[in-house]
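Taking the hints as your guide, dock the two standalone chains into a single complex.
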Amino acid sequence: MKPPPAHALVNRVILLTLCALMLGGSLGLGAVWMRQEISQAANESRTLQVKIADVERRLDEVNAQVASAVNPHALLRQNEAMRLALAAPREPQVVRVGESPELRLAAKRNREVFSVSAASFELSDNRASVFPLVTASLR
Amino acid sequence: MSKGFASNRLTLLAVGVLVCFMAVGVRLVFLHVVDRDELLGYVDKARRQIVVEHARRGAILDAKGNLLATSRSEITLAVDPWALVDYLEADKNLERRARKADDERAKRAQLAAILGVTVAEIETAFTPRMRSVPLESDRRDGTRDGQIKDRWLKLREGLDEPTYDRIAALNIRGITSNRIYRRVYPGATLAANVIGYLNREGTSVTGVERHFDLYLKGEDGWIESEKDGTRRELAQFRSREVPARDGHDVVLTIDSVVQHIIEDELRTIAENYNPNFATIIATEARTGRILGMGSYPSFDLNNYNTAPLASQRNYAVTDIIEPGSTFKIVAAGAALDQGIVSPASSFDCGNPVINYKGRDLKLPKEDHPFGMLTVSEIVSHSSNRGAAQLAMLMGGERFHEYARRFGFGAATKFQLGGEVRGILDEPSRWDGLTITRMPMGHAVAATPLQIHMAMSVVANGGARMRPQIIQEIRDASGQVVRTFEPEKVEQVIKPSTAALLAQMLHGVVGPDGTGKGFDIPGFEIAAKTGTTQKIVDGRYVTNRHVGSFVGFFPASRPEIVLSVIVDDAQVPNGKNYGRAVAAPAFKHVAEQLIQYLDIKPVTPFTRNLVAMQGGAL
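Protein chains in written order, with my numbering: chain A, 1 to 139; chain B, 1 to 617.
What you were told as hints is all true, and nothing was included just to trick you.
DSSO-like cross-link-like pairs, simulated, lysine-lysine; straight-line CA separation at most 27 Å:
{"id": "1", "chain 1": "B", "residue 1": "K217", "chain 2": "A", "residue 2": "K51"}
{"id": "2", "chain 1": "B", "residue 1": "K107", "chain 2": "B", "residue 2": "K154"}
{"id": "3", "chain 1": "B", "residue 1": "K64", "chain 2": "B", "residue 2": "K413"}
{"id": "4", "chain 1": "B", "residue 1": "K494", "chain 2": "B", "residue 2": "K600"}
{"id": "5", "chain 1": "B", "residue 1": "K92", "chain 2": "B", "residue 2": "K149"}
{"id": "6", "chain 1": "A", "residue 1": "K108", "chain 2": "B", "residue 2": "K600"}
{"id": "7", "chain 1": "B", "residue 1": "K107", "chain 2": "B", "residue 2": "K149"}
{"id": "8", "chain 1": "B", "residue 1": "K575", "chain 2": "B", "residue 2": "K516"}
{"id": "9", "chain 1": "A", "residue 1": "K51", "chain 2": "B", "residue 2": "K227"}
Rough simulated footprint, nothing fancy, chain B against chain A, three-plus residues with beta-carbon under 8 Å:
{"id": "10", "segment": "32-40"}
{"id": "11", "segment": "56-64"}
{"id": "12", "segment": "67-73"}
{"id": "13", "segment": "80-94"}
FYI, nobody ran anything at the bench for these hints, they're computed from the structure. We treat Cβ as the ideally placed atom computed from N, Cα and C, and that holds for glycine.
Pulled out of the complex, with its shape left as it was, chain B reads as follows (with noise of 0.2 Å):
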């Protein structure tokens, strides 16, 4: 073979490479260049895809961790019954056909089995079927008859993860499954009226869900990328991320057991008497927290379209009541803060009329007739003239004004909000009794936390605090994000004027007090009964009361403030008063409060070392 003959082979090796290259290169112009656009747009359109990632929404949480509130994922089981005829019939091999078909009608009885119904009923859900459509958008199966396989059958919702786990395994032809993350509820009635709910539609309707919402739903992310032929994502071509943050997780100041505590006397409450509501509200003396609020009707917040309207409201926050004899501490701690009058101090209780700026005022009735009683026996006896004669004694305008700074006709600024302000008149809209009815709770409307909130002045020294039910949030990973600090509104009376109206409070459950018999031993029980005709059709009936019984212990050393409101209770006799239908309740759960807190009782040593410290005697 001569030189030049390999040359020539090499050289023709060469061009040829080279011409193919050149096409090769020719060919990936027109791709990337002359038909980039349509070729993109093509690409785009078949493959690309954004996923959406949903924030996992926060929890809800009791001051001591426990969960009110969560996310979990549930399972929508569904069947395309085409699935398993395709599947089938690619088999050409009848016999082996037969076996899948046989392995699939074995996997479908275990399914059955599992979901707890019948073989027949996941037979007749794998019966392949057509579902008809209109004529025009029978495009699917490439006849136009206005039929089309019917590919989706919904089988079971609200499977959990282990029985779909369970399913899962058995691998059967047809089955498709769609997971969601559905609100759950571990307490089910626990503080349901605080906690509120998310609807169906992930919308959070009331309570926490829904004033803390912004906290709670975290924020969706994103991931723009690329799908396969088989529509799983190519992670590679992800081209832009934006990663879902969680929501925060709320933890309220509540106790669990607190809660359940009330909740199982508002049930008893239920029993007795079938009320048209009740309330009871337990905060910490000093910081004004709520440790439980509980109000009945309630209802199960895990079926909430089951409830009515009405079992779903706060009744602590959402209804007023006129405040009764309870209101009788603004009187007394007025007069007694402005020095006008000693505990000692003596009214005239039996006199039905009195003058007052030149005009002779009908008093109020009594429940029992009184002649002379001290401040302190006006308070423990519940002296309606007697609570009359001290407001007069300050006048209207200054008793107005300490009524207002008690909490009274203002908002109370309840962080779940949905609150009411109450009625409270200015003086120049009262009428000529007014100065005598309002004293004894009459003219006045409040919600029952208005009601619980002025006592818990007297409970703390003088100053009103505002009801805190959030204690802070956490985000995803436990750090505290946000706290919410105990936050004074203002300095109503002094705080020895507190401690004297402490002590006769206490004696209210003393032996000639309206609520004798309800004291605990070591733990003085300071606290003021209430009853209050109702008001029908504009007139006071005198067989229909808001009974309450709202206080406080141990008198010198206050620690949690109490209410228990009971309205329009139903007592055989009628006699439905505060004694009869809030005061039991209010011990019972005192009782129980003091083991779970680990509440010491108050010693003579300790009661005359918080004296020398300035609080009560």
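Here chain A stands alone, though its shape is the one from the complex (with noise of 0.2 Å):
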């Protein structure tokens, strides 16, 4: 068997050197690309975390504010100052009810009802007109 010329063997070295060279090139620019997105990923982390920082130094500023603006002695001053004259009950002011406030309400709604449809149904034989009378006190 004849032996392959010399020349051949060096173009096959060569070849394989720069596939070898472009294979690690491109590893190393995939490193590189993902190195880049590591850190575009980290810095945008970190703004987010900036951000979250911020909107929660923001928060506590406006619920300080609120919390100055809601505390008893400045709506007393504010009651002052827009002379609204608001002022808290006295015992003599309060009608204690004993029942259920509900029971009563809807009892009391109850009678307006059906007096309302009574009285309708006696005035009128036409129940049309009754209709609306009867709905709009339930509304």
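Structure below.
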């Protein structure tokens, strides 16, 4: 068998070397790209952290302002400045309701509804005119 | 072109490329192996940084979630005048430089308007100046003449964020800023003596700020990373990161509105009587939770540095007074609890001398002459001699034991500390007259809180509770990490005795009581007046008193325990008695609390229902 010519071997070595360089270069570029992505993600993450901290700081600022504005002393000052004359009720002004206020209101409402419908039925035989009255009172 | 020539060229090219790579490789070996330590040291010095992330201090909230103390960022604004000079000199075009200077001048005029100062003041701040430094430390600007450029001049501190945003939007050359967190107290004077404060160095000084500092302060974090040439962090090179843990929020049992009602009343007391000090305490009868605790004098937490130390004390726990007639609940409660007497048992309170253990003892004077009084009348009329006889009936040892059980002579374990124990001597140290004087509240000293908690024993079916001012601890996300439950210290008297005593104390505001006229119809005020002569130079004086009115309501269904104590009120006629200086404040505060806390009046029906359930009659 005849051995391959020497320059063919050299060519193959060169080709392999170039391939290896290309592979190495590609890996290097890939690594650089990856690092770049990591840097970008890290910086974006840091920016978001700074933004969150900023929002929290502003939230604290607003909370402090709200608390200052709604403390009892400030509200009383506002009451005076705006001449609202708001005052806490005194015991003689208070009427204590012993029964359930919900049931009481419901009973009152029912009484009104039935009295309106009864009165309407007595006044007119036309049921159509009664209907809006009853529905209006239920609204 | 021959094949051999092409082959030679390729070989040469390949060799050339290989040589280049080898050169790069060798350089890398030098950089990464041979000179590694030296270069890394340089990089570390120039680029590595450790950034401390400060934890945000937790807030202090009231029981309804209102902010009592929080942290707010503030900005200190400063000027580097040389930065403007450098910026202008960098532009070689004179016309453009002048235009830039005009623009900057216009911005500075806007800055002056925002800060509310004159343009001249701002221009003065922006004038470049040199600063003298020791010659050996003059290494900044190349020439060693003891003069360096002054690159920092404070323009304003304590700027809020919105104002700073407006300034930052102007983008003025030479403006620098530094952000710090400062403690703010939105209520200003509200519960100042309880909350305490953080000084400018960030050290917690008193109150909740100090005693719950461990929960409030949080833990600082840190980041180890690198920075670039412009000192900006290179986040991708973060090597270690310990996140900051924000402080916990502390929730108090105090209700801002109740506290405000109390402090408003204290202001009225101060205006009318100019006392040495005054304190009002309101607690829930069943739990011992403090709804409000106010002291006069007080101070503005946001301006603590201008407040005298005397106004920063929480007088409810730091000072002791003789309890006076309010202490008579001990004698009456103990005698009833022992079953020695009944409410109808009568005593001769007109006799000035009584024989005790074979000795004739002189009984204390009465404000009004009395004859025969029942136990109920001894309480309602506040008879000194009657109280002395009750104590003598059970003996010094047992009387002392009951006084101790009511909480006198020992700290109440108030959660904010700073309290004193008071004075309650052992019977072995008593002199011959102590058994006659102590039942009326002399020869014993207690803090206002101790007196208050003793009264709450009667309101709480005979059980003494630990005063509670902290409700819970929440983490930064709002989750509850620790709760504080009501804590019963001991059962002092039987519930039936407490119920009897409560009705007797209701008699104090009855037609013949010392607190006549201070009842609130339907709400059964049960209270005890107290007036103690002050000791000046070791002697009791007749024109200076500690006036008190301590009680609870409604008597048959106690909900609120309230104490008003006024020390050394200045009253024109000298009658600074508890009835005169403390009882009106008690009634006024009670009326407001009834409305705010929606306390229902006691009807005959509910009174009978409570009686059937074993409560008061």
